[in-house]
Amino acid sequence: MINLIHKNKSSKNLIVFIHGFIGGEQTWIREDKKRPFIDLILKDAEIKKNYDIGLFQYHTKLLSFFPKAKFVLRLFNNRKNASNLPINEISRLLDSQLKHSYNTYESIILIGHSMGGLVAKRLILDDISKNLNTRIKLYVSLATPHSGSNLATVGKTIIKNFQLTDLSPLSESIATMNDEWVKCKLLPKRLYAQGSYDTVVPTVSSVSYDRDNQEVIFCDDDHFSIINPDKKSVVVDAIVNELHVLLQEQNIQSIKVEERFVDSGQYDEEIFVLKMFMADIHSTLMDGSKQAFFNAEFAVRKLIAQGINVKELYPLYEKIKELYTLEFGNLLSGQHTDSNALITAVHAKILKEDKTYLHTLYSPLQALQKFGMLHQLATDDKSIWWAKDNNITTLKEFSEKLKTREA
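Just so we're aligned: the sequence shown equals residues 0 to 406 in numbering that gives the first Met the number 0.
Keep in mind that the hints were calculated from the coordinates and are not lab data. As the structure is a prediction and not an experimental result, all values here were calculated from the model. One or more of the hints may lead you astray.
To be verified - Taking lysine to aspartate or glutamate and the DMTMM-like style, the derived pairs with C-alpha atoms no more than 20 Å apart in a straight line are:
no.: 1; residue 1: K395; residue 2: D379
no.: 2; residue 1: K395; residue 2: D267
no.: 3; residue 1: K188; residue 2: E105
no.: 4; residue 1: K11; residue 2: D94
no.: 5; residue 1: K129; residue 2: D178
no.: 6; residue 1: K395; residue 2: E269
no.: 7; residue 1: K188; residue 2: D211
no.: 8; residue 1: K348; residue 2: E321
no.: 9; residue 1: K255; residue 2: E296
no.: 10; residue 1: K11; residue 2: D43
no.: 11; residue 1: K381; residue 2: D267
no.: 12; residue 1: K129; residue 2: D94
no.: 13; residue 1: K188; residue 2: D126
no.: 14; residue 1: K33; residue 2: D236
no.: 15; residue 1: K320; residue 2: E296
no.: 16; residue 1: K32; residue 2: D51
no.: 17; residue 1: K348; residue 2: D286
no.: 18; residue 1: K136; residue 2: D236
no.: 19; residue 1: K182; residue 2: D209
no.: 20; residue 1: K395; residue 2: D380
no.: 21; residue 1: K188; residue 2: D94
As the list claims (entries may be wrong) - FRET-style restraints, in silico, Cβ to Cβ:
no.: 22; residue 1: L315; residue 2: T283; range: 24 to 32 Å
no.: 23; residue 1: G328; residue 2: D178; range: 46 to 54 Å
no.: 24; residue 1: Y313; residue 2: D209; range: 22 to 30 Å
no.: 25; residue 1: V309; residue 2: R29; range: 45 to 53 Å
no.: 26; residue 1: L401; residue 2: E214; range: 51 to 59 Å
no.: 27; residue 1: D38; residue 2: L350; range: 48 to 56 Å
Ideal placement from N, C-alpha and C gives every residue a C-beta, glycine not left out.
Required output: the full structure, derived from the provided sequences and hints.
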C-alpha cells in the first residue's frame, strides 16, 4: 500500500518511494522519526508546495519459519498470510494503487532503492505498454541491481525466496526487463545513483542498459548510506534539480495560446507587414500572417517568462528560415508563380514539418506559432523577402511613401 506522509491541498504531482529487499517504512523513516533523504528534498520550498510524497510498502522477508503451522492457523481465521511475492506481482500491486487510489495525480515520480528500483522499472514497462501518455515522468534508481546481485545468488542456494531468485544476476525476471528496457522508446527521464562503496550491488550492475545516454550520479556512499544522507547529498541535489525541471515543463505545457488577434492596425508599420505590402500579398494571407505573428510573440514571451533562454529557440528559428530559403529558391527558379504562392508554400512546408524537422519540446510552439516566428525573423533579417526584387533600399523607399501618403 501507499502511505502518504506529505500532502498538499491541490498538488498534481506524487513522489513514490519504494523500499528494497527486506526493507520497509524504516528504509525512509528512522526509529528517531527522522527522514534524512525525504526531509532534504522537502527543504526546497517549491518542491514542498508542489509535490506530495508517499511510501509504497510491500511484504518482504528473508526467512519464513513454520509454514505448515501458519497454514493451519489460516484455516481458523480469515486473516491473510503474507508471503514474499515476485517483482512483477509487486509492481502490479503498486500499479493498481496508482491507477485507482491515486488517479487524480497528473505526474508520478518513482524513487526506488535496491530491489525497489526493479519494482519501479517493471511498473514503467507495463504502464507504457498500456498507456502511450504515461503519468510517470521521472524514474530514480538508488543502488538498484539492474544486472542482479551476487549476494542474491548465494542466498537463493540456501533459502527458497521468490525475491532472491528475481535478484540473481541470471534471473529470467531481470533478463526480460533489461531486454524490454533497451527496446522501449518512450521511457521517462532516468537518474541512476551509483554508490562507490556499495558491496551489495556492484557498479557494473547499478546502471541499467539504456538505448540512449544514461544520467549517472556518482556518490561517495555504500548500499545503505545512499538513502541515509547527512546534511548534503549529491543524489538529493540531482533529484531536486530534476523536480524543478518537471515543474517548469508543467508551467510551459499550461501556456494556452488561444487569444484571438484583433487587427487595429498595430502591426501595419512592422517590417514583416511592410515586406508583405510590397510583395502585394493577398489580404487573407496577410491577416493570417498577422495572427501567426501575434501568437508567436505571445508564446515566446511566455516561454521567456518561464525561464527559457531565448537562445534555446535559435536552432528552431534557423530551421524555419531554411524552409523559407528553399521555397524562395523555388520562386526565383519560377516554380512559384508569385509571392502569394511562395507564402502559401512556406506555410504548407512548416505545417508538414511541424512534428518532425521542426519538432520542439516547447508545446506552445505549434505550426501557427512557427509560421509567426518566420515573420519575427522577417522583422530583423534583411535576407527574408516575399518578392524577387525587393531589398532594404526599396523597403525604405516604400516606407517613406506610406508616411508621405498618411501625412
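Verification of the supplied hints:
1. K395 to D379: Given that 20 Å is the threshold and the Cα spacing comes to 14 Å, the pair holds.
2. K395 to D267: Holds - the C-alpha atoms of D267 and K395 are around 15 Å apart, at most 20 Å.
3. K188 to E105: holds, 16 Å
4. K11 to D94: This hinted pair holds, its Cα atoms lying about 18 Å apart.
5. K129 to D178: Within the cut-off at roughly 18 Å; holds.
6. K395 to E269: At roughly 12 Å apart (the allowed maximum being 20 Å), E269 and K395 satisfy the hint.
7. K188 to D211: holds, 11 Å
8. K348 to E321: holds, 11 Å
9. K255 to E296: holds, 13 Å
10. K11 to D43: holds, 17 Å
11. K381 to D267: Holds - the C-alpha atoms of D267 and K381 are around 18 Å apart, at most 20 Å.
12. K129 to D94: holds, 12 Å
13. K188 to D126: Status holds; Cα separation ~15 Å.
14. K33 to D236: holds, 19 Å
15. K320 to E296: Within the cut-off at roughly 17 Å; holds.
16. K32 to D51: holds, 19 Å
17. K348 to D286: Roughly 19 Å separates the two Cα atoms, so the pair holds.
18. K136 to D236: holds, 18 Å
19. K182 to D209: holds, 8 Å
20. K395 to D380: Holds - the C-alpha atoms of D380 and K395 are around 14 Å apart, at most 20 Å.
21. K188 to D94: holds, 19 Å
22. L315 to T283: 24 to 32 Å: Cβ of L315 to Cβ of T283: about 26 Å, so the range 24 to 32 Å holds.
23. G328 to D178: 46 to 54 Å: This hint holds: roughly 48 Å between Cβ atoms.
24. Y313 to D209: 22 to 30 Å: The hinted range 22 to 30 Å holds for Y313 and D209, with Cβ atoms some 29 Å apart.
25. V309 to R29: 45 to 53 Å: Holds: the Cβ-Cβ distance is about 47 Å, inside 45 to 53 Å.
26. L401 to E214: 51 to 59 Å: holds, 55 Å
27. D38 to L350: 48 to 56 Å: Holds, at about 50 Å.
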